[in-house]
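Chemist: Now for the letters of each chain:
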Amino acid sequence: MTLSEALASEFPTYRAFFMKPPIPLLEIKELYVNYGGIQALQNIDLTVNAGEVVTLIGANGAGKSTTLRAISRLINPRSGQIVYQGRDITRRPAHEVVQLGIAHSPEGRRVLARQTVLDNLELGAYTRSNLAAVRADLDRQFEIFPRLAERRLQLAGTLSGGEQQMLAIARALMSRPKLLLLDEPSLGLAPAIVLEIFSIIRDLRATGVTILLVEQNAKLALERADRGYILEAGRITLTGQASNLLNDDLVRKAYLG
Amino acid sequence: MAGFLSTYGFLIVSMVMGALLGLSLYLPLMTGQLSLASPGFYALGGYIAAILSTQVFKVSDGLYPIGLVLLEMSIAGVVSGVLGVLVGIPALRLRGIYLAIATIAFVEVLRVLSLNLDITGGAVGIFGIPQPFLTPIEYLWIVIPLLLMSMVLLYRLERIRLGRAFTAIREDELAAGAMGIDPTYYKVLAFTLGAILAGVVGAVSAHFLNTWNARQGTFDASIVYLTSVLIGGTRTFVGPVLGGMVFTALPEVLRAIADTAGLPLWLAQFLRDGRLIIFGLLIVLGTIFFPQGLVTPDLFKRRKDRKSQS
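Order-wise, the sequence lines are chains X and Y. The opening residue of the first sequence carries number 1 in our numbering; numbering runs sequentially from there. The opening residue of the second sequence carries number 1 in our numbering; numbering runs sequentially from there.
Mixed in with the good hints there might be a few duds.
Here are some of the chain Y residues that sit facing chain X, going by a computed Cβ distance under 7 Å [said to hold, decoys possible]:
no.: 1; residue: Glu173
no.: 2; residue: Met179
no.: 3; residue: Gly180
no.: 4; residue: Asp182
no.: 5; residue: Gly262
Cβ-Cβ distance ranges computed for the label pairs, FRET-style [said to hold, decoys possible]:
no.: 6; chain 1: Y; residue 1: Ile283; chain 2: X; residue 2: Gly161; range: 31 to 37 Å
no.: 7; chain 1: Y; residue 1: Phe127; chain 2: X; residue 2: Gln154; range: 39 to 45 Å
no.: 8; chain 1: X; residue 1: Gln81; chain 2: Y; residue 2: Arg215; range: 38 to 44 Å
no.: 9; chain 1: Y; residue 1: Trp141; chain 2: X; residue 2: Gly36; range: 54 to 60 Å
no.: 10; chain 1: Y; residue 1: Arg255; chain 2: X; residue 2: Arg92; range: 56 to 62 Å
no.: 11; chain 1: X; residue 1: Gln154; chain 2: Y; residue 2: Met149; range: 45 to 51 Å
Bear in mind the hints are in silico, worked out from the structure with no lab data behind them. Think of the CB as a built atom: it goes at the ideal place given N, C-alpha and C, for glycine as much as any other residue.
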């Protein structure tokens, strides 16, 4: 850690005054999403900088997954703007967004149960045509997730929940993303597995992948993230450094118990 | 042998066509789309062949040239394909049972049109469609290569990128979208391939049946081919092929059983005319007891395993 980085982490004001503002990888401006007549998201402003881990926290139905789906273009926003690497992707089709380097590991894992682990991973690289590079990435996933390597020819539906979650993350990584959208990786998993998954998320960050993490386990997510956003009933009510949010009274009361 | 072929030639060719129509229903199903539109495209292909051969080409002496039949098949395929894209793009926004209903409506629209247009001969239809062969069984020269070609294509399709995209969409459309597969594109593609196949088969069928009218390719036919796919198997193309053959032959078998002496009259009557009731019953029972159909990919796998063990 350099001196200026150390100072920045110690004194947020130092960061604000003396360090270059980080380049946003993703910028969401005034995003509105409707489901039929129901407003799912209202006036969402959210920024993710390159190299960060940003977490989005909120209760069930607050709009966390909806935000991720809007970014990966699985749903259409009503208004607002999603800018990725300076490019407006608000109306781009989902498969182009994947090619631009945004991968979405959806809520509930959504692995293809009737296909093998290998098939699932290869489908994750569907948009890529360089087969040698895909093969190399496949080997890399098996290094990061040795359990998947053991089960590569097993049907994904026969994996345990934790292994399926690993597969879902590995599959998303197969498109070689710059930005990884992770939706509830701890959902329904045993605490020990959750810790294992979070330690992998931390390792991923070291490889240069930027992560936008949606979680219900607020404590764990805030401990692992740089910054956080609190989402309540479709609006962002609070944002800041993850460490500050962890100590915030309102957040503690509402989410940390 | 010659006697057998002349008695059953018609049925054998019908069975192969049934297999082809089963495949045309199976194609959209590969992406999870329950479409019943195939009979509509089948009817369309038939009318194209009937109109072309009786009003445009007009070959009066001798057998109708096979080259022209192939040309009609190609035209029918192209027209069905274009219509398939046009219908598919809006229709495939619907899912499950709603898509099924929309495609039934499409078949009905075509039927009512053909009943009321002059060019299709109204309720009477078109007849005296020229014959390229002397006996029905010779139609196998056209339909068997067509079936083999379709099967080879599907065999390949289930193993390449494209087929894997189809399967991913069938299993989880949202996950497929998240992986960068464009579901709409592949769904329309699968639907259109099915439409082309049905149209081509219709063109052959018009010659084969000698006459074509609004009773060809109706909702009844949708149910028959749906049965053959659902019971035959929805996970590998072998299912619809076998299903299509068996369920095309089934009414004839039932008729033969009905003719056995000593059956009560009502039962004989039911076996003769209760075809759709029996098919409906089979769909219900099949989906309960064999949700993936009778022919499943595991069937082949197990056989392979057995071979490697012995």
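Chemist: Holds or violated: the hint that Glu173 (chain Y) contacts chain X, with Cβ atoms closer than 7 Å.
Modeler: Cβ of Glu173 (chain Y) sits 10 Å from chain X, so the hint is violated.
Chemist: Is the gap between the beta carbons of Trp141 (chain Y) and Gly36 (chain X) within 54 to 60 Å?
Modeler: Check passed, 56 Å falls within 54 to 60 Å.
Chemist: Grab the minimum C-beta distance from Gly180 (chain Y) to chain X and call the hint holds if it beats 7 Å, violated otherwise.
Modeler: 3 Å, holds
Chemist: Determine whether the Cβ-Cβ distance between Gln81 (chain X) and Arg215 (chain Y) falls within the hinted range of 38 to 44 Å.
Modeler: At 56 Å between Cβs, range violated.
Chemist: Can you tell me whether the CB distance of Gln154 (chain X) to Met149 (chain Y) sits inside 45 to 51 Å?
Modeler: At 35 Å between Cβs, range violated.
Chemist: Between Arg255 (chain Y) and Arg92 (chain X), does the C-beta distance stay in 56 to 62 Å?
Modeler: Given about 58 Å between the Cβ atoms, the range holds.
Chemist: Within 39 to 45 Å: is that where the Cβ-Cβ distance between Phe127 (chain Y) and Gln154 (chain X) falls?
Modeler: Taking Cβ atoms as reference, Phe127 (chain Y) and Gln154 (chain X) lie about 59 Å apart, which means the hint is violated.
Chemist: Given a cut of 7 Å on the nearest C-beta pair, is the interface hint for Asp182 (chain Y) held or broken against chain X?
Modeler: Hint on Asp182 (chain Y): holds, closest Cβ of chain X at ~4 Å, below 7 Å.
Chemist: Under 7 Å is the threshold here; is the Cβ of Met179 (chain Y) close enough to any Cβ of chain X for the hint to stand?
Modeler: Holds, about 5 Å.
Chemist: Does Gly262 (chain Y) meet its interface restraint, that is, does its C-beta lie within less than 7 Å of any C-beta in chain X?
Modeler: Violated, about 49 Å.
Chemist: Hint says 31 to 37 Å; check whether the CB-CB distance for Ile283 (chain Y) and Gly161 (chain X) agrees.
Modeler: 35 Å, holds
Consistency note: the structure conflicts with the earlier hints numbered 1, 5, 7, 8, 11.
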